[in-house]
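Sequences listed follow chains L and Z, in order. So the first sequence is numbered by the numbering used here: it starts at 415 and just counts up by one. So the second sequence is numbered by the numbering used here: it starts at -8 and just counts up by one.
Source of the hints: derived by calculation from the structure; they are not laboratory data. The model shown is predicted, which means the values in this text are computed figures rather than measured ones. Wrong hints could be hidden among the right ones.
Unchecked claim - Here are some chain Z residues pointing at chain L (derived, C-beta under 7 Å):
#, residue
1, Arg85
2, Leu90
3, Tyr94
4, Arg112
5, Ser113
6, Ala147
7, Arg193
8, Glu194
9, Gly333
10, Gly410
11, Val414
12, Arg424
13, Gln525
14, Val528
15, Arg529
16, Glu668
As the list claims (entries may be wrong) - Computed beta-carbon distance windows for the label pairs:
#, chain 1, residue 1, chain 2, residue 2, range
17, L, Leu848, Z, Ser319, 30 to 36 Å
18, Z, Ala146, L, His917, 51 to 57 Å
19, L, Arg734, Z, Gly401, 23 to 29 Å
20, L, Leu954, Z, Gln119, 38 to 44 Å
Claimed, not checked - Looking from chain L toward chain Z, a few residues come up when the C-beta cut is under 7 Å (computed):
#, residue
21, Leu432
22, Val434
23, Glu857
Here a beta-carbon is modelled for each residue, glycine too, at the ideal position from N, C-alpha and C.
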Amino acid sequence: MEATQGSAAWEPADPVTLSVLLHRLEGVVGEMVQTIEHTALSPLLSLCRDFSCALYDADCRQVCMGAGLPIHTASLNLVLRAIDRAFAGDIRDGDLFLCNDPQHGNTHIADLVAACPVFIAGRHAFWSVARGHQLDTGAADPSSITPTAENRWQEGMAIPPLRLGRDDTVRPDLLELYLANVRYREILHGDLLAMIGSIHTGRLRLREIAAEMSLAGLQRYADEVIGYADRRMAAEIAGMPDGTFHGVAWLDGNGLGDEDVPVRASVTISGDRVHVDYQGSSPQIRGGVNSGIGTAVAAGTCPVLYCVPADIPHNEGCLRHITVHAPAGTICNADFPASTSCATVAPGDVMQEAVNKALALAVPGRVLAGSSRAGNIPQFTGVDERTGREWSVMIFNNAGGGGASAATDGWPMFDSLSTSGGMRCAPVEQTELLFPVLFEWCEIEPGSMGFGQRLGGPGTRCSIRPVAGTMECILFGDGSRNPPHGVAGGTPAAGCISYVENHDGTGRRGYPACAHMWIGPGERWMGISTGGGGYGDPLLRPPDLVADDVRNELYDRATATGIFGVVLAGDGLTLATDLAATAAQREALGAARGAVPAVSPDRPAAGRWAEATEGGRAHRD
Amino acid sequence: VAVRIGIDIGGTFTDFVVADSHGVLSVWKEDSTPADPVRAVLHGLEAIAAQRGQDLAALMAQVELIVHGTTIATNTLIERTGPVAGLLCTAGFRDILHLRDGYKSERFNIRQPHPGELIPRSLRRPVQERISAAGEIITPLREADVAAAAAIFRAAGVNTVAVAFLWSVANPAHEVRAAEVLAQQLPGADVVCSHDVLPEMREWERTSAAAISAYVRPRLRGYLSRLEHELASRGLRRPPLIVQNNGGCSSIRELLSRPVYLVASGPAAAPAAARRSSAHLKAGTVIILEAGGTSTEVSTLRHGEPGVTRSAQVAGQPLGVAAVDVTSIGAGGGSIGWIDPGGALRVGPASAGAVPGPACYGQGGLAPTVTDAHVVLGTLAPDAFLAGRRALDRDRAVAAIRENLAVPLGTAPEVAAAGIINVLEANMVAAIREISVGRGIDPRQCVLAAGGGAGGLHATRVAGQLGIRTVVIPLQAGALCAFGMLVSDVRHEDVAPLFGQAGTLPADSVDALLAKMDQTAVARLAGEGFGEQQISVRHAHELTIPVPTGPLNAETAVADLTEAFHRAHAAAFSYARPDVEVEFLHWRVLSAGTQPEPESPAPHGESAALPTEIPDPVAHREIFHPVRREPVMTAVYQAADIAPGMDVTGPAVLQGATTTILLDEGDVLRARPHAYEIELSP
């Protein structure tokens, strides 16, 4: 760590000041988060919280990151460094910068980064930064995430490091250039103001802290906060077994014919370092489901963060223990001008899954079983035929389940590894009030989760129909053909599917995880999302919990007997376990089966719906 | 003589505050009796009567009002000790309670358990029916489904049922009919309809509010009926009033019709106590810090009204209804200081509790607590704690702090003890920032009111760190909530949906709706015994936009409301977007029945309270200053010696029976009839 000015740096750090500043910085970032949550106009930010806020020092070292979306948190510094490089020597108090360009280290084009330098006593001391997913990027298709984009220009308007304002004044012509190139300009303008309000809040609070404890003191203890995370992270990783562990996972496809695309991760634990290498992964493919370096670094880092205590601050001191290599030209780090429109979810989720599978071999007690990979999050758009108004909404109510852990059953509505349950979905009633759609069904899908000593979180079945004209649906995502994996004897989940059919159930057409479809007035969209993977041997799940599961119709009796080895007597509310028969059944199942696999499945296309989506080509009506 | 009593049941003590028309205010603490909380209430009342030289019957004949706070419903939720309950829901939407809003609060904690539901999936029974956002019937109610569900409930022994259908808020017909069918098929069962409990859009919160109500009502009714009966049989004339989540109180009958209004009422009466103690200061916002044994609660009073939130949860279950906005930190007097694996000093959430308690209690506790730190620093005198009822062992406190903290940190016990205090106070400051700055309030413009056993020990320094200049400590600080109950008004909130955009919203339908809601509110308060003069009614929006009572001006009403909204938005969030059309969703009517103020025990105001010579300190002792890290010679006063009108200048300690107040150098404490008021040294 570099020495800060003055003799103070030679004194040992005061554990009280350290503890106080740790909380204080978290409080500042918490306030930045609240600002966006309370003032953004798009539900994507205000409700679903698809954004993150952070503070950096003047050297672009992450000092404090709010508990945002995991995929946002681990590589935001790459964008800030790009901004810092682009304007080196010309960064002034009151400047305001934007960047959304994956060429400059961003995760994908929909994530807009806003940053302002924090000057204190005339010196550039910190950065205040926010990243938020924008509802639209001006792409050819009306979606911010476009699996069918064939190159950078089809995925929307790139904003390389840009000075949007000076002296706290936004340049109106630049603002207009941005707003003129996106749909829903009112909403996007509101969201941009919310983000600017957020980073200005961070700037104000940092100045207040510096006024209280002196700039030198703040800088000194910002270093100590980084050192604190460094010490704790080092101790955690040193407690993991050294070695290289391998994981492979498969992306369903791109909706353009590529299918079961492999992503390989080698995880090397050595002393207090972890290195993730995506060597051996598929070459880049057509469409928007490639990753750039920003998402690759985040996807390699996040799974490691899940294996350590959640209260270790995710700052530079923590992140420096994890390095990531993504070979150029692969799906994990595609060459320009390949599209990375969907990167944070596809292949971001499957990249994390490959790392998670490798970590399941290294530290099985610390990992999450496979989780839903951002399938079944439809973006519906249309024109309300009653008013002529254009409308667009992204629906999160059909999000898939999370994996089980050694300690707990999985959560429903986990969404994706990239968000890990960090997004809120809108109430059905609010969506119906604001948009011309009707929900017919939204309920747990029995048997959609992986089984084990701990159950994966359930997937849901969700049925929606338009009530004022045809609606268009863009689906991006993954996890239909290749379902979330089970760990330590837990079974994989079912995988997801969606289809369109007539109201009477005829004329059904199934779609893969990436698809583009239209739903007419007499039709409905039906999504069945995947649950999460199971954890541990199903034969170890307590029989009374299995009886509860069956009573609650989470899975059927045949599953209870055939997979959990639990024999049930009676019916409905009188359902009870037959303990003697259960003991015999469990012994028989155990003998026939042998050792349980550490990770399952070990082959592509193991999902329940794989055959229904054979060919992987998006249907175009 | 007319007597009023506030009774607050806590885990350890049941607190009583008594006021009579002579103005006598007294505090009584009775050991709680968790197995049968009514017993502690009766014991306490007998003790109070004895203290007044009466028998219980004579006291009860004088009591005009008892206001009571109970956590029985909260504990039922947290401990999951309610009966097996059932839910009727729209077919296809059986898992609203399980799916929640899809939000997992700790993204990086893969072991965070799901909060679970109050009603298991097997007893969440679907009913064919559907109503649209506009209130039209899309699918008629299939009564056979209700009957089938009733059969299942009967078999499962379910005797309390919530009915929560989609869009019942737009048209309650199906919920009403389903409840009728249930009443026939499941005679004697408790049935709660979601549109009755929380007539607001947002199915998760509404379903949860109904489920909570169904789940806690049987036990709550049992307890409140017994309390009412026991008190009546001892001569109480008017049934007790009960404190609700919003800090106001309510009749037992009203509360039992929507018990969710009670489940977060624990700290809800604190703002009312603060209002009473700080009214003369005319502060826009009062921040209330209540520091107890294991936790510290922070709430606010804004222009005389408690700050409320509509996103409160208890045991992971959302309430949906308004509750006093409370930020809680898991740190109080019994909390343990420790060094985490990265070398930072932490305080709490682990606590030494009442048993074994802090090391200085000498009951076997070895962990260094906040109380031990105060003993080591000298803020708490070993022989003056709880008016000398409990002797504290300073050597044990020093040993606990030395061995667990000072030695590992390589420092003196006083410095380590100072560290505990500094970290705790920083956590208090952070909680106050969250509830003030985080809600658009500048704490420097606020008054800090402190209560709880430990509030007075930290109030001045916490205020100093926030730039607050004035601190108020009620005389009844040790029983803040019981005192708050004594001065709470009866408060109800009604809400109804009327959706529309500013451009098209007809003022006359708003008028009709509000007028109907006003009538309901007034009738309810009249039923609770309030006369016309005591009843007030207000209309409000989420951002608290004043809506005039009385007919709206059809020409300008909507435009006026829109403008008021933009002004409030700018005030709360630093900007407004007047170019964006405002949407109206819900209309609220807030009604209150005002309780008469208790008499002042002494003439109030500057002119009457002549400055009085203060008595000499009972002692001087060195107190180690946690910020300056040096001992400061400090004057010690007995609180009982300091009468209204007297000033005490810091450095000083004021030792009371249930609370101790610490003044830094230059702080000036002035005793007033209701409270101590402290001006901080600039």
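Exercise for review: Check each numbered hint from earlier against the structure, then list the numbers of those it violates in ascending order.
Suggested key: Hint check: 13, 14, 15, 16, 18 fail, others pass.
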